[in-house]
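**Q** Chains A and B, in that order, are what the protein sequence lines are. First residue of the first sequence? That's 1 in the numbering used here, and the numbers climb one at a time after it. First residue of the second sequence? That's 418 in the numbering used here, and the numbers climb one at a time after it.
Derived from the structure by calculation, the hints contain no laboratory data. Hints should not be assumed to be uniformly reliable.
As the list claims (entries may be wrong) - Residues from chain A that face chain B, not an exhaustive set, calculated with beta carbons under 7 angstroms:
1. P33
2. V34
3. D203
4. V212
5. R215
6. R324
7. G327
As the list claims (entries may be wrong) - Far from chain A, some chain B residues (derived; all Cβ distances over 12 angstroms):
8. T428
9. P438
10. A445
11. F455
12. R461
13. E468
14. P471
15. A491
Where a beta carbon is used, it is the ideal one built from N, C-alpha and C, also for glycine.
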Amino acid sequence: MTVTALHRAAHTLTAVPLQCASCGRPHDAGPSPVCPECLGPLEPVYDSHRQLPDRHEIAARPRSLWRYREWLPFTGRPVRCLNAGWTPLIDAPRLAESLGISRCLVKHDAGSFPSLSFKDRVVATALNAAHAFGLTVVGCASTGNLANAVAAAAAREGLEAWIFIPHDLEPAKVAASAVFGPKLVRVRGTYDDVNRLCAQVADRFGWGMVNVNLRAYYGEGSKTAAFEIAEQLGWRLPDAVVAPMAGGSLVTKLAKGFGEFLDARLVRGVAPRLYGAQADGCAPIVRLVERGDDTLVPEKPNTIAKSLAIGNPADGRSAARLIRSSGGWAASVSDVDVVEGIRLLAETTGIFGETAAGVTVAVAKKLARDGRLSPDDEVVLCITGNGLKTTDAISGSIEIPEPIAPRLSEVSALIQS
Amino acid sequence: MPVLSLPSVLTSLTGGVHTIPATGTTVAEALDDVVRRFPGLSPRLRDEHGEPYPFVTIYLNDEDIRFIGGFGAAVQATDELSVVPAVAGG
Numbered sequence: 001m002t003v004t005a006l007h008r009a010a011h012t013l014t015a016v017p018l019q020c021a022s023c024g025r026p027h028d029a030g031p032s033p034v035c036p037e038c039l040g041p042l043e044p045v046y047d048s049h050r051q052l053p054d055r056h057e058i059a060a061r062p063r064s065l066w067r068y069r070e071w072l073p074f075t076g077r078p079v080r081c082l083n084a085g086w087t088p089l090i091d092a093p094r095l096a097e098s099l100g101i102s103r104c105l106v107k108h109d110a111g112s113f114p115s116l117s118f119k120d121r122v123v124a125t126a127l128n129a130a131h132a133f134g135l136t137v138v139g140c141a142s143t144g145n146l147a148n149a150v151a152a153a154a155a156r157e158g159l160e161a162w163i164f165i166p167h168d169l170e171p172a173k174v175a176a177s178a179v180f181g182p183k184l185v186r187v188r189g190t191y192d193d194v195n196r197l198c199a200q201v202a203d204r205f206g207w208g209m210v211n212v213n214l215r216a217y218y219g220e221g222s223k224t225a226a227f228e229i230a231e232q233l234g235w236r237l238p239d240a241v242v243a244p245m246a247g248g249s250l251v252t253k254l255a256k257g258f259g260e261f262l263d264a265r266l267v268r269g270v271a272p273r274l275y276g277a278q279a280d281g282c283a284p285i286v287r288l289v290e291r292g293d294d295t296l297v298p299e300k301p302n303t304i305a306k307s308l309a310i311g312n313p314a315d316g317r318s319a320a321r322l323i324r325s326s327g328g329w330a331a332s333v334s335d336v337d338v339v340e341g342i343r344l345l346a347e348t349t350g351i352f353g354e355t356a357a358g359v360t361v362a363v364a365k366k367l368a369r370d371g372r373l374s375p376d377d378e379v380v381l382c383i384t385g386n387g388l389k390t391t392d393a394i395s396g397s398i399e400i401p402e403p404i405a406p407r408l409s410e411v412s413a414l415i416q417s
Numbered sequence: 418m419p420v421l422s423l424p425s426v427l428t429s430l431t432g433g434v435h436t437i438p439a440t441g442t443t444v445a446e447a448l449d450d451v452v453r454r455f456p457g458l459s460p461r462l463r464d465e466h467g468e469p470y471p472f473v474t475i476y477l478n479d480e481d482i483r484f485i486g487g488f489g490a491a492v493q494a495t496d497e498l499s500v501v502p503a504v505a506g507g
């Protein structure tokens with residue numbers, strides 16, 4: 001091979017091979033939904049001898065999730081979604097005071113580029129996997145945020161996109177997918193019905209369904225939230241992290257991300273305790289953590305937190321195991337508490353989160369009240385989606401004032417009232 | 418006669434066949450009938466304790482069988498049983 005060819009090969013994007021997380025069998029890189037042998041989940045396999053960057057090298061790189069590319073499932077340079085990631089980690093002293101903990105920080109993925117949720121992270125890795133496999137049609141099953149993220153990224157990259165969503169999603173989330181011009185398919189049923197259909201679609205048509213047959217690559221994008229938290233804290237780890245749970249993948253990938261940075265000696269100490277948050281109306285992972293066994297009991301979702309309304313979460317068992325082994329816990333809250341959580345976050349931090357954010361904040365409050373979070377804890381809350389997508393949820397709890405005439409006297413009257 | 422629909426990943430155990438007619442009046446009987454002809458499928462439908470294999474979900478038409486009585490759910494002649502790998506996102 002010539003020097004030029006070697007140089008080109010080093011920069012050509014290729015996906016790393018896979019391994020079954022259950023039976024351990026190795027598999028070639030490819031768009032595979034599950035292990036062909038035992039049907040267990042697949043995970044990427046990284047070269048343990050690969051050259052890893054140090055803190056200074058990472059810090060000098062562009063501010064996107066690709067600054068951690070050695071921990072993402074590719075060799076060579078990414079070609080798509082180059083600006084995803086690197087959302088702010090915001091100190092929230094007034095929220096900490098309200099929760100009764102020493103320090104609270106908000107990982108603000110509600111401001112993520114381009115589609116205002118943490119799903120931009122997983123779509124970034126999934127669409128690079130699609131490129132590596134030569135797939136020009138991508139898609140997803142989604143409760144809304146992933147639909148927005150896939151539709152936005154596919155539009156930018158010029159890919160055909162098939163987006164499958166439950167028929168009753170929040171109107172803003174439907175519009176925020178449709179505007180990008182994908183093939184939008186509204187399915188009569190719950191997310192779990194949509195997910196079953198997409199498993200069959202991926203099987204039949206061979207498209208790159210990001211959370212089905214590209215899932216092994218897709219999920220790794222979530223680790224970058226953990227990497228960013230560590231770097232943005234000044235290369236150290238918080239005591240605890242509270243994250244919302246739908247399929248359970250985010251919690252498992254946060255655990256993996258913190259573990260990988262500890263292994264790489266980029267941070268020291270112990271991994272954070274992980275706390276999972278769900279709504280009472282769909283809390284199969286919380287109930288699994290509470291029971292302490294290993295059998296997930298599916299549920300029929302009934303909650304305003306539609307982005308978390310997955311009654312049969314495929315990563316639920318792993319999430320429950322990792323939560324327990326981290327020393328953390330899981331809790332659920334009512335829909336009334338979800339709305340109060342949205343408002344508490346907004347009124348103390350200036351951040352407008354979606355219903356999943358309300359779940360996370362309300363669960364953090366419950367955990368602090370129950371003593372699961374200690375007053376000395378430094379806690380990071382993962383705020384994963386934007387409140388402008390779920391304004392319906394709070395419309396009954398906020399007061400919209402009557403209009404006034406453009407007269408000073410009317411303002412004076414308001415001041416005196 | 419009800420039919421059992423399989424994902425591609427399991428068709429290596431059925432000689433490439435995706436859809437298999439089955440006899441029986443319950444999910445269990447229908448699966449037993451198919452497994453008699455394709456024994457390799459057995460461990461991908463039930464675990465060693467006879468419980469549902471954790472990496473698949475079995476649907477009776479559009480309903481997860483865990484919500485309608487599990488393996489004991491009644492099956493009609495026109496029903497479709499689908500085996501779907503348990504993958505999910507959000």
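**Q** Hint by hint, note whether the structure agrees.
**A** Hints and how they fare:
Interface restraint check for P33 (chain A): the shortest CB-CB distance to chain B comes to about 5 angstroms, inside 7 angstroms, so the restraint holds. At about 4 angstroms, the closest approach between the beta carbon of V34 (chain A) and any beta carbon in chain B falls short of 7 angstroms, and the interface hint on this residue holds. Taking 7 angstroms as the C-beta contact cut-off toward chain B, the hint placing D203 (chain A) at the interface holds, the least distance being around 5 angstroms. Satisfaction of the interface hint for V212 (chain A) is found here, the shortest Cβ-Cβ separation to chain B being roughly 5 angstroms, below the 7 angstroms cut-off.
With a least beta-carbon distance of about 6 angstroms to chain B, the hint placing R215 (chain A) at the interface is held under the 7 angstroms criterion. Checking R324 (chain A) against chain B by beta carbon gives a least distance of about 18 angstroms; that is not within 7 angstroms, so the hint is violated. Using the Cβ-Cβ criterion of 7 angstroms, the hint placing G327 (chain A) at the interface with chain B is not satisfied: the shortest such distance is roughly 25 angstroms. The beta carbon of T428 (chain B) is not kept farther than 12 angstroms from every beta carbon of chain A, the shortest such distance being approximately 10 angstroms.
At the 12 angstroms boundary, the C-beta of P438 (chain B) stays outside the reach of chain A, the nearest C-beta of that chain being 19 angstroms off. With a cut of 12 angstroms on Cβ distances, A445 (chain B) stays outside the contact zone with chain A, its closest approach being about 19 angstroms. The claim that F455 (chain B) is not at the interface with chain A holds, since no C-beta of that chain comes within 12 angstroms of its own (minimum 15 angstroms). Remark: the non-interface label on R461 (chain B) conflicts with the geometry, its nearest Cβ contact in chain A lying 6 angstroms away (cut-off 12 angstroms).
With a least CB separation of 8 angstroms from chain A, E468 (chain B) falls inside the 12 angstroms interface cut-off, contrary to its annotation. Residue-level check failed: P471 (chain B) sits 7 angstroms from the nearest beta carbon of chain A, not beyond 12 angstroms. Every C-beta of chain A lies more than 12 angstroms from that of A491 (chain B), the closest at about 20 angstroms, which supports listing it as non-interface.
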